[in-house]
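Trainee: Use the sequences and the hints to build the structure in full.
Chains A and B, in that order, give the protein sequences. Just so it is clear: in the first sequence, position 159 is 158 by numbering that gives the first Met the number 0, and no numbers are missing. Just so it is clear: in the second sequence, position 71 is 70 by numbering that gives the first Met the number 0, and no numbers are missing.
Just so you know, the hints here were simulated from the structure itself, not pulled from any lab data. Check each hint, because a few of them may be wrong.
One copy or any two copies: either way a pair holds, since identical chains are not told apart in the list.
Once the Cα atoms are required to be at most 27 Å apart in a straight line, the calculated DSS-like pairs of lysine-lysine come out as [to be verified]: (1) Lys71 to Lys284; (2) Lys71 to Lys286; (3) Lys182 to Lys286; (4) Lys71 to Lys83; (5) Lys480 to Lys71; (6) Lys48 to Lys284; (7) Lys182 to Lys83; (8) Lys480 to Lys284; (9) Lys480 to Lys83; (10) Lys48 to Lys480; (11) Lys83 to Lys48; (12) Lys284 to Lys182.
Number of protein chains: 2
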Amino acid sequence: MTRRLTLSQSIYHDLCVSACRSVGIHSEHDILEWVSQRTAANNYSVRIKPLDQLSGWSIDDVSGDLRHHSGKFFQVEGLSVEVKSDVSRSWLQPIINQPEVGILGFICQELDGVLHFLVQAKMEPGNINVTQISPTVQATRSNYTQVHGGRRPAFVEFFIDDMPGRHIVLDQLQSEQGTRYLKKRNRNIIVVVESGVSIELTDDYRWVTLGQLQNLMRFPDLVHLDCRSIIGSISFRGFSGDESDFDYSGSIGEFQSKLRGSIESKFGRRSSSVVPIHSWITGLKCKTEISVLRVPLRDVSSWSYDCGEIKHISGAFFSIIGVEVTASNREVPGWSQPLIRATEGGILGLLCQVRDGVLKFLVQALVEPGLIDILELAPTVQCTPANYLTGIRSELPYLADFMMTADSSRIRFDSILSDEGGRFFHTRQRHLVVELSEGDQIAVPENYRWMTLGQIQHMASFSNSVNIELRSILSCLSVAKSDIW
Amino acid sequence: MTRRLTLSQSIYHDLCVSACRSVGIHSEHDILEWVSQRTAANNYSVRIKPLDQLSGWSIDDVSGDLRHHSGKFFQVEGLSVEVKSDVSRSWLQPIINQPEVGILGFICQELDGVLHFLVQAKMEPGNINVTQISPTVQATRSNYTQVHGGRRPAFVEFFIDDMPGRHIVLDQLQSEQGTRYLKKRNRNIIVVVESGVSIELTDDYRWVTLGQLQNLMRFPDLVHLDCRSIIGSISFRGFSGDESDFDYSGSIGEFQSKLRGSIESKFGRRSSSVVPIHSWITGLKCKTEISVLRVPLRDVSSWSYDCGEIKHISGAFFSIIGVEVTASNREVPGWSQPLIRATEGGILGLLCQVRDGVLKFLVQALVEPGLIDILELAPTVQCTPANYLTGIRSELPYLADFMMTADSSRIRFDSILSDEGGRFFHTRQRHLVVELSEGDQIAVPENYRWMTLGQIQHMASFSNSVNIELRSILSCLSVAKSDIW
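Mentor: Here it is as structure tokens:
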């Protein structure tokens, strides 16, 4: 037991060091080239098809719900939501009901003295660019119990079977999009496999350092949301590395120096500094009453089946479309499925500022109907501005306009990244980190709070505390040098 | 902000010191006498009455559910439960549905250099001994929003209004009994009020140290479950005190010395030592499917309304009875309400052992239908043996017999303590802590785990991780000297 703890501590240290390093066994250039090659090497086609012509799927005559004839995979149903707090709101919407817990997992191994993460170049039907850099394994329970009748996903045994030389360094149930999924969670998991264990790779897999993977998030639509979900759950306390790993010159370097400080300043000397955060969340949960009822999709007013899609009468929010897929490197050669296509122009914005000498991030506690426990920590801004032009919703959320019009000198990260292409069709969010000048004053409404990165990561170490949008943007906060930007 | 953190840290330190001290402004003897005096000074009568003659309450003609005519307070409904894991089970049962979040709160203040907790001698209709030592405030939302039409509970403003000189040191949403309540949580909260703020007390209130309160848990049915719920949520990391606060001679003292070690050994050097615990819980949650559906109470087979009560045909588990109450010191002078009366002989047992030089506790991850998120950490044994004699359930739970027949030389704590008398009638659990000899081997099934007290307290610092039964028995683990035993 003692030995296990020691090992685990040293692995966690390795993981932190890996997050500082951009020198892996492949360069970032090579990784980019590899993704292009994989896209070219495989055949993959996606055709949009009306939902009522989708093989294996049907719209229920009575309820209007959309489901697969096997009863597996997922259903699209209706949801009736009522939120009572200072302001009360109620609405109806379609929602994805997928009651099984999937696995999102990275295998790590030390190569040339640095911990590497095993990534996969994976095609998904909703990807705007066909192939994205995905975790070692993304598998729904249907996948790995082979209800498809297809192949078992590669490497899944590293996550579901105990084996010698394998050490779990992160293993959490984390939420998916609470506005799209009903109580959906995935098991976000990182395992480190000792160097002695040989891992055979096909051409679809490559080893990268954590720092490289984070640097690649500056490229649009390249690093998959499921990578970001897992990385955004890591706590880097005890973060370290040789000084040679860092380059604090230039504006990116200066920001990275502040990031390191914000990670380490988690607690002061005692864990009591998180008591006010717990108290704030508890208070908000106590004053918020939320009622979430499943209803037949047919009863969801303002939404209808029209021209082969399920859509809102205004054209806003999202629609549900059908696609027919053929692929040469997936568990099954072809299939049909529904996908969610969202309004373009979504934004996830995180505002930060040096306050009392430490970089802090303005997060909000956001109520979403599909969450397990009322609300989770979310980015400063999480919205799709176009949805506010329909007249259905009134003004833009707090700070949305402020973030989108920020001067370029204040922008620390800005990249368009995709939602996962297994459920979402060409759905992308601008990930934007803006640093407010020191001393600038900004109002902090009751459901917003300044927190250090260390505090946010502490909260993320428990399930159902940090939403997937915040995890996604946290994962982009890299302290590694890059060889390509 | 910096100042606030420093203050909060020092308050947390004071709280830990208070837990070591048994010297307060009143002696433990005086507290015992005060409780007797309060019981004598107030008029309080409780009469059992058939449910269908209970003023303000009625059994719904169609559903059979039991509810108050105002629609407030709570309802007794039916629940259909199906749990699928290695072994699958399904059953129907009555459940309490009380969708509002109550407040369980302590006010603390430094008196004569030691932090004291403000307790109340409170009568509740289900108390076997009329009066128990209760937190400063126990208030349902109905109470403090005055839906009763009665008085607002004393001191509730310290918990719901922000005020100068008040510091929150604990504020969590914690579960109630998951076998009796449907998703019920209370806000467990401790506030420290600076010495300058004057607090006027009536005869029903007294200041005690945390150590005194814990020592009084050795008396049967004296310290209320809601006190234990809150105290069991405290993390004592950084625990300290003058050596003069401790007396490590004698068997209790030796055990207390081990307890201190078990609190401090929380983490080793890094927080990574809790990763295996999170991973274990995540794995168990992933493999457990639970379906919980509300059904009309009339459809709960094997349960019926009989002789003025709702009861199981076997007489086992629990029954729902009615009581009529008159009281001279409560918010309203009289009322009627249903109460749950459980089978006698319930046991909450916690097994501990020095392992690798540190005292560890064997906890289980227990699935309960009313919990928010499938399962929570629970004591080694949590059961009512008499329910296993009915033929409905087969063998006693793991280690139940072992704990109940433990040699007295291995028993470190043994006290009969009550469930809260606002909902439960004369319902008591034996709280039993047994220390296994060092080196003795015991099997650890997949859903059990040895943890240090520091690790358990770390888990308890997040909501919905440690069930009320485990919090109750954790609260009994005192390191204070006592002047009465």
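Trainee: Run every hint past the structure and note whether it holds.
Mentor: Quick rundown of the hints versus the structure:
1. Lys71 to Lys284: between (33 Å within a copy, 20 Å between copies)
2. Lys71 to Lys286: between (37 Å within a copy, 17 Å between copies)
3. Lys182 to Lys286: both (21 Å within a copy, 16 Å between copies)
4. Lys71 to Lys83: between (34 Å within a copy, 17 Å between copies)
5. Lys480 to Lys71: For Lys480 and Lys71, the Cα distance exceeds 27 Å both inside one copy (44 Å) and across copies (60 Å).
6. Lys48 to Lys284: Cα proximity of Lys48 and Lys284: none, with 42 Å in one copy and 37 Å across.
7. Lys182 to Lys83: Classified as both; 19 Å inside a copy, 18 Å across copies.
8. Lys480 to Lys284: neither (40 Å within a copy, 39 Å between copies)
9. Lys480 to Lys83: Neither. Shortest intra-copy (47 Å) and inter-copy (48 Å) distances fail the 27 Å Cα cut-off.
10. Lys48 to Lys480: neither (44 Å within a copy, 75 Å between copies)
11. Lys83 to Lys48: So Lys83 and Lys48 fail the 27 Å test inside a copy (40 Å) and across (37 Å) alike.
12. Lys284 to Lys182: So Lys284 and Lys182 pass the 27 Å test inside a copy (17 Å) and across (14 Å) alike.
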